[in-house]
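Engineer: Work from the hints to combine the two standalone chains into their complex.
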Amino acid sequence: MDNKLLEKYWNAETSTHEEAQLMNEMSTSQGSDAAYFALLAEARRQASSLTIDDINAYNLKQTLNASRATVRPIYRLLAIAASTLLFVTSGLGVWKYSQQAAQSAQMAETFDDPYKAYQEVREALAFVSSKLNKSQSEAMINIQKAGEYADMFK
Amino acid sequence: MKSIILSFFVILTTTLSSFAQEDAITKYFNKYIDDTRFSAVYISPKMFNMVSKIEIKDMEPDVQEVIRSIKGLRVLHTEVNALQFYQEALKTINTKEYEVLLTARDNGENVQFLVKSSGDMVQELLMIVGGDKNFAMLSFLGDIDLKKVGKLAKVLNIDNLQYLNKIEEKH
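From first to last, the protein sequence lines are chains A and B.
All residue numbers for the first sequence refer to our numbering, where the first residue is 1 and numbers rise by one.
All residue numbers for the second sequence refer to our numbering, where the first residue is 1 and numbers rise by one.
Wrong hints could be hidden among the right ones.
[As the list claims (entries may be wrong)] Using 30 angstroms as the maximum straight-line C-alpha spacing, the simulated DSSO-like pairs for lysine-lysine come out as follows:
#: 1; chain 1: B; residue 1: K46; chain 2: A; residue 2: K116
#: 2; chain 1: B; residue 1: K91; chain 2: A; residue 2: K96
#: 3; chain 1: B; residue 1: K27; chain 2: B; residue 2: K57
These are computed hints drawn from the structure, not numbers from a lab.
Okay, chain B solo, but in the shape it has when bound (with noise of 0.2 angstroms):
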């Protein structure tokens, strides 16, 4: 009787956690997205079903696979207090959830990769860019092939460096 009292209480205790784990970068997300200082960008499931099907005549066939195997894309993006908002960043990675992948310095900005993943796949691929002048927070839902992401850069033809310009100018 004790027995089942007590798995009665676990698989309860197990359940209530599992629904109060919070998802604290869409709260981080959620915090700033109407902030002034920073530029947003936010594409649903519903708008990458729309983008896998369309059809684009030069879209490359390594392009198109990893678009259909991404579920959602957030952005965040500031140029106001870059450094103190990537640190805030990191406290608020819950670090249970993500295991973090790669950790490098590049022209003077801390660059942080960190996933979320079950068993062999990437749920979640999350970047954090920081350094004096930018902050940059990306974070890639669906089920993510790593491999196929890296080797983007070879066929993407786009000057990487001015991409978080670009999105300061376009929203």
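Only chain A is shown next, with the shape it has when bound in the complex (with noise of 0.2 angstroms):
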């Protein structure tokens, strides 16, 4: 290997001819500077194979790759876990509704006339009224039973 041309090349005095040289005999040679001129060569050979489109193609991705916010893996979890409790809830909100409108077509209104209705209601509220009215003061004699059962046993 030629080292005063190596130490131009280094000097960057070497012309097109000599640093072709140099790679060529660069690349039998073994050292950091043969691994300088592989490298060289290797990305010298890619970057020929490459287009306008390519490049063009290359920069585009990466402006958008750069103007896409990062989003942080958790954050895509509970993404997704609100996707799927706000799509599990309407399903069931529509079966729900579907269900209360089945509802309510077999429940029809008895009365047409809310003057009837208000009969009703008050009948209705008369016979619950009583029947609660009963069943607190038999609640409460059986209370005064229990209590007095509960003396005989002191």
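Structural biologist: Given below as structure tokens:
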């Protein structure tokens, strides 16, 4: 290997022909300088196969990647969870609504006239109220009886 | 991460169970509403809204107040296999949903008052009456004050014992 030529190369004084000669020599050599020239040769080889379209596509991709917000995995999971919950809730809401619609269809209004409805409610309330009072009295008697029985065992 | 996934499933399960919780009484009413052995009454919230707006000269203020708090009424009554239907109704009730308020026997009939409440408010008052001759189920929906309902017996001058017979005749 021509060390003078290598020194000339590092001083950026070689011609294109000399540089080609040096690279040719380095391709059969080993060492850190040879590794550098091997990398340089590979880079040039790859660069020579690239077209303008490839470069433009690469630049566009880089721009898009840079502009795209980075989504952390936890937020992605939360988003999936929220979407699933929303989907399930919406589905169940629709189902519940259809059930209610079916229910109201089955339970038809008994009265068309609010006065008749009022009369019915009044009677129903009187009935419930009466039973409620009687049941309360009954319960009070039972509590008293229970108290009396409890006293017997004292 | 695990806790977040766990929380998500807890929320999902809770949501699903609350939706899936079955209103057993509605199911029971729906089951027998078209059965010819039963007489049924249904007064919707819309009708209650109309009732609360009508002007009735002799409407007692206490009655008016209670009616305004009610949003719906369902009544189911039969004289056929009364005791059997009473027992079926008791089995149908979801004990997690309803709380037993009072249980008594009145003239050979079993009477149960059940409530569905949220905090201090009773959202549903369910009365089930069952004996050899009668089975009746009355469900009042709304924001019900039991004290006010209890006072109505004194205010309303109606032959209460004949109420179920009246339903039978009317429907």
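Engineer: Are the hints correct? Go through all of them and say.
Structural biologist: Evaluation of the provided hints:
Of the supplied pair hints, the one linking K46/B and K116/A holds, its CA atoms being roughly 14 angstroms apart against a limit of 30 angstroms. Our distance criterion of 30 angstroms between C-alpha atoms is met by K91/B and K96/A, whose separation comes to about 24 angstroms. The hinted pair formed by K27/B and K57/B fails the criterion: a straight-line CA distance of about 38 angstroms is larger than 30 angstroms.
Going down the numbered hints, you'll see the structure goes against just number 3.
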